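For the protein sequence lines, the chains are A and B, in the order given.
Just so you know, the numbering used here puts 150 at position 150 of the first sequence, and the rest follows in order with no gaps.
Just so you know, the numbering used here puts 85 at position 85 of the second sequence, and the rest follows in order with no gaps.
Worth flagging that the hints you see were computed from the coordinates, not collected in a lab.
Treat the hints with care, as some may be off.
Cut-off 30 Å, straight-line C-alpha distance, at most; resulting in silico cross-link-like pairs (BS3-like, lysine-lysine) [claimed, not checked]: (1) A:LYS196 with B:LYS38; (2) B:LYS95 with A:LYS215; (3) A:LYS196 with B:LYS95; (4) B:LYS27 with A:LYS79; (5) B:LYS27 with A:LYS57.
Computed from a predicted structure; not experimentally measured.
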Amino acid sequence: MKMETGSNDSKALISVRHLDSFYGRKQALCDVSFDIEARRIFVIMGMSGCGKSTLLKHLIGLKKSSPDTVWIDGEDVSKWGHREWNDYWLRIGVLFQNGALFNSMTVAQNIALPLAVHTNLPRDIIEIMVEMKLHMVGLSGTGHLMPSQLSGGMRKRAGLARALAMDPEILFVDEPSSGLDPITAAALDELLITLKEAFGMTLVVVTHELESAFKIGDSMIVMDGGRIIASGTPEEIRQMPDPRVQQFLNRRPDEEQRDYESYISRLCKVKRR
Amino acid sequence: MCTADIKKSQGDNGFLIVSLSGELNKKVVREIRDKIIKAIRTGHNVESITVDLSDVSLIDTAGVALLVLLCQHVKSKGGTFRVVRPQDRVRRVFKLAQLEEFLTVENGNRQ
Numbered sequence: 001m002k003m004e005t006g007s008n009d010s011k012a013l014i015s016v017r018h019l020d021s022f023y024g025r026k027q028a029l030c031d032v033s034f035d036i037e038a039r040r041i042f043v044i045m046g047m048s049g050c051g052k053s054t055l056l057k058h059l060i061g062l063k064k065s066s067p068d069t070v071w072i073d074g075e076d077v078s079k080w081g082h083r084e085w086n087d088y089w090l091r092i093g094v095l096f097q098n099g100a101l102f103n104s105m106t107v108a109q110n111i112a113l114p115l116a117v118h119t120n121l122p123r124d125i126i127e128i129m130v131e132m133k134l135h136m137v138g139l140s141g142t143g144h145l146m147p148s149q150l151s152g153g154m155r156k157r158a159g160l161a162r163a164l165a166m167d168p169e170i171l172f173v174d175e176p177s178s179g180l181d182p183i184t185a186a187a188l189d190e191l192l193i194t195l196k197e198a199f200g201m202t203l204v205v206v207t208h209e210l211e212s213a214f215k216i217g218d219s220m221i222v223m224d225g226g227r228i229i230a231s232g233t234p235e236e237i238r239q240m241p242d243p244r245v246q247q248f249l250n251r252r253p254d255e256e257q258r259d260y261e262s263y264i265s266r267l268c269k270v271k272r273r
Numbered sequence: 001m002c003t004a005d006i007k008k009s010q011g012d013n014g015f016l017i018v019s020l021s022g023e024l025n026k027k028v029v030r031e032i033r034d035k036i037i038k039a040i041r042t043g044h045n046v047e048s049i050t051v052d053l054s055d056v057s058l059i060d061t062a063g064v065a066l067l068v069l070l071c072q073h074v075k076s077k078g079g080t081f082r083v084v085r086p087q088d089r090v091r092r093v094f095k096l097a098q099l100e101e102f103l104t105v106e107n108g109n110r111q
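Extracted from the complex, chain A is given alone in its bound form (with noise of 0.2 Å):
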């Protein structure tokens, strides 16, 4: 994985160089580096609180990023405008771990939504493209629905329907198996899998499901405390010896968290009223 200070002479679709990120003084990020390849599918990983869902937000523009950190096709993001950011907003997809779909509007028009406002698409072509959404997403006939009548796992579904609307050249994904059963999980994974091999499209997954990372990503990262403690294809991160990496592998609980004494001396600290 290529790495550089200041510039980037990359290929790759996306890339980040030396990335930290605060939320007033506390670190989120320190120090992140990686490439993404177009036309695979490349996944962060890590346990809760690790940094994930901050660099998703670097990578989509909901968070601002220093100048020199963070290039998309070439382009130093902190340099875009408005219409930069438009032109890329256009492009990428995003599935929230919520789903975030418009309560206020059926499934099915929460799909046509964007397609109605950016394209020139005739109507009879949008509502196809609906029909076919739902139906790739195991939603086939519940277009007419509102939000607040799917179950957790359809909500997360008709989301990903939702961030597929406009075909996105990037999808970016976060946790996208939580709250789904594992049956439908595994037909997620092979639905993100086919994405990239039907439509040459890029995926940027965010998750903490090792079984699902392993199957779908082309290359990883693992981060631990705001940094990549590993990156690589899967194959490579499996056999890093670091313990961090192989105590996020084998799902050992950090042993911090487990610190009896401490725990007890907390404990003891409470004062007595």
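Following the hints, position chain B against chain A.
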């Protein structure tokens, strides 16, 4: 960019051969649709449409939706519709949308 070469038979049993090339996506679908509809409405009734996709490198769901509309139109008039020679990647899209049978997707030649 996508181009459409449209050939129409001159006899009573009208058939249309549409050869597309390039990327059939949402940016070009309206233009391609208008071109094909114009050809369908000109002269004799069209009883059969064959769409040759051998030179189409990429298709999105807007492109597939266009084919579905054409297929609906011809079938509603009792005619036949075929999609021939799609590249592997394009064929995967038809498979994903489960439309291979509906669109009569074939590997054979266009005659």
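Evaluated hints:
no., hint, verdict
1, A:LYS196 with B:LYS38, "violated, 35 Å"
2, B:LYS95 with A:LYS215, "holds, 21 Å"
3, A:LYS196 with B:LYS95, "holds, 14 Å"
4, B:LYS27 with A:LYS79, "holds, 27 Å"
5, B:LYS27 with A:LYS57, "holds, 28 Å"
Figure legend: structure checked against the earlier numbered hints; the only hint not met is number 1.
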